[in-house]
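*Asks:* In terms of my numbering, the sequence shown is residues 8 to 1051.
Everything labelled a hint here was simulated from the structure, so no lab data went into it. Every value quoted in this text rests on a predicted model; they were computed, and no experiment measured them. Do not rely on the hints blindly, as some may be mistaken.
[What the hints assert, rightly or not] Below 27 Å or equal to it, Euclidean Cα-Cα: the simulated BS3-like pairs (lysine-lysine) are:
(1) 708 <-> 919
(2) 919 <-> 966
(3) 693 <-> 664
(4) 999 <-> 708
(5) 708 <-> 924
(6) 953 <-> 999
(7) 953 <-> 664
(8) 693 <-> 708
(9) 630 <-> 693
(10) 693 <-> 919
(11) 953 <-> 1050
(12) 953 <-> 966
(13) 1050 <-> 919
(14) 452 <-> 31
(15) 999 <-> 919
(16) 1050 <-> 999
(17) 924 <-> 999
(18) 919 <-> 953
(19) 708 <-> 664
(20) 999 <-> 693
[What the hints assert, rightly or not] Derived CB-CB ranges, DEER-like:
(21) 627 <-> 736: 28 to 38 Å
(22) 438 <-> 792: 33 to 43 Å
(23) 483 <-> 247: 41 to 51 Å
Positions of the beta carbon are idealized from the N, C-alpha and C atoms, including for glycine.
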Amino acid sequence: MEIATVRSFLEQPELARSWLGRLKVRDVDRGLRNFLGIARQGIPPDLLAHLAHQLGERLPTLADPDMALNNLERFFSAARNPLSLAALFERDPEALPPLLQIFSTSQFLSDILVTDPEAYDLLRLTEGEPVARQVLVDELTAEVRALPHEMEILAALRRFKRREMLRIAYGDIVVGQSVSTVTRQLSYLADAILQAAYESAQRRLAPTLGLPRLPSGAEARFVILAMGKLGGVELNYSSDIDLIFLYEGEGQTDGPRSVTNAEYFSRLVQEIIRLLTQRTELGAVYRVDRRLSPEGEHGPAAMSVPAALHYYDVRGRTWERQAFIKARPAAGSLDLGYSFLQELEPWIYRRYLSRADIAGIKTLRRKIEQRVHQQGVDQRDVKNGWGGIRDIEFVIQFLQLLHGADLPSVRTGNTLEAIAGLEQAGCLTHAESSHLQESYSFLRKLEHRLQIMFDLQTHSIPNDPTEVQKLAIRMGYGDGASGSARDQFERDYRRFTTRNRQILNHLLHDAFTDDSETAAEVELILDPEPTPEFIHNVLSRHRFRDIPQAYRNLMNLAEERIPFLSTRRCRHFLASIAPMLLSAIAATPDPDATLVTLNQVSDSLGGKGVLWELFSFNPPSLKLYVQLCAYTPFLASLLISNPGMIDSLMDSLVLDKLPDRRFMEMTLRELSLAAEDLDPILHAFKNDHLLQIGVRDLLGKDDVEAITQAISDLAETCLTEIVVREYEQLVLRYGQPTVGEGLRQGQRAEMVILAMGKFGGREMNYQSDLDLVFLYEEDGNTVPVVESGYVRPRDTTTNQHFFSELTQRIIRRISYLGPYGRLYQVDARLRPTGRSGTLVFSLREFANYFYQGMGQLWERQALCKARPAVVSERMRPVVESLIQDVIYSEPWRPEFALQIADMRRRLEETAKPLDIKRGRGGIVDVEFLVQMLQLRHGREYPEIRKTSTFAAMRALHEKGLLREQTFNELYESYRFLRALENRLQLVAPTAKSRIPEDPTELARLAHLMSAEDPGSLVQTVEQYLARNRYHWETTVNRLAEGKE
C-alpha cells in the first residue's frame, strides 16, 4: 500500500472506514479507532503502509477481523517498543499472519500475549513443537523447588501453564498439529503441574508432619491417578481434571507432630487441590473433580491401595469399571499407580459383560442424554449431544469392556488408539473405524475451538449464524462453490453426528434390548464359563431336549470358521440377537433339529457375524432365517451344499420383488461372456435365484402363479444361455446351418425348442423336469464361416446332423450329474414318436407327423401346453401358428372325452395314497379337465388357447365355458394344491407330490400352509380332492354325452 493512501486514511476517516469494510471488518468505527491507535504508537508512515498492506491481505481471511484488529492494537500498546514490532513485521513477512490468526481465534490467548508481548518471540522460536512429558516435569519441578514462598509457587504454576498453553495452541492453530498431538501435549502439561503441586505440598507439610511411613519403616508412596480425558491423554484446553488420590498403606508420619497416614494424605490432597484451584490475579490452574473417587466427593480425600481394592471388589459398579478404562498414573509414584491398576484389571475387564453391566452402561448414557435434552441443546452440544463425543466414547468403552478380558491390545484409555485396536481385533469394521476416527478428531477439534476462545468449559455450538460462520472459519472452512463456510461446516457436523449415532445404536442400543425377562440369553453367549445349572435354566425354557448339545451348537454360532473374520464381532452380535433367536427357534416343531440345521447352514455360509449384525437391526430377517432352517430342508440343503452363499441369502432377505426374466437374462449373459467354464456359473446362478424365489414363497409375498412363473423363467434363462454357448461352439466345428430350399434358401436355419408340460405353461415347481421338444427350421447343410480372414471350418454337415448333435450337447449340459450337481432333469419323451424317435425334427417333419394322421390324441393334448421357449422373434409367430393348427385341425369327437379319461385313470393307478398330483382328485384332474375343454372348444374360441392352466381357466370362465361355481371351486382348489405342492417340495424334497407320513414333516407343511394343525391340513386336502374329482367326472360325462 502506498504511503499516500495511508495518509489519506489518517486524514479522511471515511476513506479508512470504506477500506476496513472491504476487509470484512463489521464495526468500522471501532476498527478505525484500532487502526488510529496503532498509528499513534509512533509508527513511521512507510512501516504503517506496509502494515496496512499486510492487514489488507490477511484480515478478510480471518474468522473475526474485528477481534484480530482490536487485539493487534492492544498488542502494539503493550509492546515495549512498538517501532521495533512494526519493523519486525516489515522485515519478516511470516511474523504477522500467525499473530493475527491467534488474535482472531482466541481472546484468552490474545490476553496472555497482550500481558506478555515478549512471549511471542519465544513462540516463534519454538514453532509450537511438541515437548516430551519428562522435559516438562523436570523443568517445572526444578523451578518450583527453588521457590521459598507459597505465593511464588502459585504464580509459577500459573505462568508455566499460560506459557505452555500458548506453545500448544500455536502448534494447533498456526502449525495445524493433529488433535492427538494437541491433547497429548495438554495432558503432559497437566502431569507436570500435578507433579510440581504434589512436591510443593509435600515440602510444605514436611517440617511439622514429616514423611508418612509404613509399619516396616519404608516411606509410604503416593500416586495421583488421572481419570477421564487426562487419563486418556486427550485433555481439552479447558477441561476439569478428574483425579483419584491413593497412598500405599496405613502407618504414621515421622515428623515432630506425628499423624496417621490417612490424616497426612488427606491434608496433602487438600494442599495439592488448593495449589491448583486457588484463584489469584493469574486465575486458577485447573478445576479438580473428585467424583470418580471411591465414595465420590463425600468419601476420604485419599484412600489406601488395599482399601481401594476392597472397595472396587465389593462395591464397584459398572460405570466405575467404565471410568477406569481411562485411569493412568499422572503424578507421584507412577510404579504404585501401575501396580494398583494391574491388580484392578481383572475387575475392570471381566471375562464377559453381564446383562446388568450392559443395562448399566445404557442407563448412564440415557441419563446424560435426558439432561442435555432438558437443557435444549441436544443437537448443538458437541460433547454430550446426539451423535457427539460421548456417543463415540461410550460405544468404544462398551466394546473395550466387552472384549478387553482376552484382548490386551484394546486396553487403552486413549479413544483413537482404542478405535484402531478394536478394528485390528475385528471388533469394528474398517468403515466404522475410519469414520469414528475421523469424526472423533473433527469433534475434538471443534470442542477445542469452542473452549479456546475464552478458556471456558463450553461444548455448545452457538445459534447465531454469524458466530457459526466465525466458528466454521476457525475450523478451516472457507466460502466457496460448495456454499458458505457455515453451510459446509453444518453439513459435515450433521453427517458426522448422524453416523456416530447410527453406530452407537447399531452396536449398543439397538443390538441389546432392555427385555429383562430374556436378557439371560445374552449373558449365556457372553459368559465364557457358565455353570451347567445356568445353561439348563436358560435353554430349557426354549424347549430343547438335549441341553448340552444345544449349548454346543449355540456356541458354534458364536465362532467364525474363516480365519480373517472376527469371532469377537460375531459373538457380540449373536449375543445381541440371542433372545430373539432362541425364541424363534423355540416356536418351531423341533427346536433341537432347527438349531442343528441352523448351524449347518451358518457354517456353510461363512461370515456368520454379518448375518447376526443384519438380524440385530432387522428382526423379520432373523425370523425368516429360522423358518428357512426349520421348515424348508430344500432351501437349507441348497445353502449347505453350496458354501459361501451369504450374499445370495442376504439379497433374498431384502428382495422386494421376484426376479424379472429380462433382468435374469442380462445378468447371466454378463456373467457368462468371458467365462471358459459355464457350468459353475449356471449352477450358482440357478441356486441364487431359486433361493430368492423360495424365500419370497416362504414369506407368502407372491401367489403360487407368480412363484411358478418365476421358477419357469429361471429355467428358460439357463436353457437359453446353454443353447447360445453350445450353438457357437458347434458352428466353429461344422459351420452355420442354412436353409436348403425355398424363399429363405442360403439363410441361417434356426433352432426352436418347445417347452412342454409345466415348463410350457410357465408353472414349474422347485423340482420340475424340463419337458422339451427340439425342432429346427428346415433341412439343408452347414456352410463355413469367415472369421478374421480365415474360413472355418473345413468340414461341413447336414442340418439334421448339426441340430441332432446340438440337441445332444444341450441335453448333456443340462442333465449331466457333475461336481455341482445336476442343473435340470430333461424329459424329451413328448416329441413325435416318443422314446424311439429321433431327438430333433424339422418343422416340416413335425407338421407332417400330425397332418398325415400319425399324431395321437394324447400328443395333441400335450401340445396344449407347448410354448416356444428358445426361438427368434421372426420364427415365434410361425411356430405358434403351427402348434395351434396341429392341436385344433382335427374336430372334437365325444369319444375323445372317454379316451382322455382312460389316460387319466392309468396315471391314477400308479399313484400312491394322498398323492396330490396324480392321485384321485389331484392336480392332474384339473389340468386334464382344462385341456379337454380346450380341445373341445379351442377351434371356435382362440382366446382359450392358453398354455398356463390358471390363464386357461380364466379364459374358459370369461367365455362361459366354465360355470361360475365350477370355475370358483376349481380355481381355488388348483391354487391351493399347487401352493401345497411347492411347499411340500420345500419341506420334504423326496416326497415329490405326496403328503408326508412323517409327523415332523407334516407339522412343517401345516405351518407353511398356515393350517391350525396337521390334521386340519389333511382334512382340507381331502375336501379339495373330492371336489376336483366331482367336477372331473361331471365334465367327462357331459362331454362324452355330447352335452357340451
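*Asks:* Please go over all the hints and tell whether each is borne out by the structure.
*Replies:* Evaluated hints:
Restraint check for residue 708 and residue 919: not satisfied, since their Cα atoms lie roughly 32 Å apart, outside the 27 Å limit. Between residue 919 and residue 966 the CA atoms are separated by roughly 36 Å; this puts the pair beyond 27 Å, and the hint is violated. With a C-alpha separation of about 17 Å, the suggested pair residue 693 and residue 664 falls inside the 27 Å cut-off, and the hint holds. Of the supplied pair hints, the one linking residue 999 and residue 708 holds, its CA atoms being roughly 23 Å apart against a limit of 27 Å.
As the CA atoms of residue 708 and residue 924 are separated by approximately 24 Å, the hinted pair is consistent with the 27 Å bound. Only pairs whose Cα atoms come within 27 Å are accepted, and residue 953 paired with residue 999 is accepted, the gap being roughly 26 Å. Proximity of residue 953 to residue 664 is assessed by CA-CA distance (about 25 Å); at most 27 Å being required, the pair is judged to hold. For the hint pairing residue 693 with residue 708, the CA-to-CA distance comes to about 20 Å; that is within 27 Å, so the pair holds.
For the hint linking residue 630 to residue 693, the alpha-carbon distance of about 25 Å falls within 27 Å, and the restraint holds. With a C-alpha separation of about 31 Å, the suggested pair residue 693 and residue 919 falls outside the 27 Å cut-off, and the hint is violated. Annotation: proposed proximity of residue 953 to residue 1050 holds, straight-line Cα distance about 23 Å (limit 27 Å). Taking the CA atoms of residue 953 and residue 966, the gap is about 13 Å. The hint holds against a cut of 27 Å.
Distance hint between residue 1050 and residue 919 is unfulfilled; the C-alpha atoms sit about 33 Å from each other, more than 27 Å. The suggested pairing of residue 452 with residue 31 holds, with an alpha-carbon distance near 25 Å, which does not exceed 27 Å. Distance restraint check for residue 999 and residue 919: the Cα-Cα separation of roughly 11 Å lies within the 27 Å cut-off, and the hinted pair is therefore satisfied. The suggested pairing of residue 1050 with residue 999 is violated, with an alpha-carbon distance near 37 Å, which exceeds 27 Å.
Distance hint between residue 924 and residue 999 is fulfilled; the C-alpha atoms sit about 9 Å from each other, no more than 27 Å. With a C-alpha separation of about 30 Å, the suggested pair residue 919 and residue 953 falls outside the 27 Å cut-off, and the hint is violated. Restraint check: the Cα-Cα separation between residue 708 and residue 664 comes to about 8 Å, which is no more than 27 Å; the hinted pair holds. At roughly 20 Å between alpha-carbon atoms, residue 999 and residue 693 fall within 27 Å of each other, so this suggested pair holds.
Distance hint check: the CB atoms of residue 627 and residue 736 are about 46 Å apart, inconsistent with the given range 28 to 38 Å. For the hinted restraint 33 to 43 Å between residue 438 and residue 792, the CB-CB distance of approximately 51 Å leaves it violated. A C-beta distance of roughly 27 Å is found between residue 483 and residue 247, which places it outside the suggested range of 41 to 51 Å.
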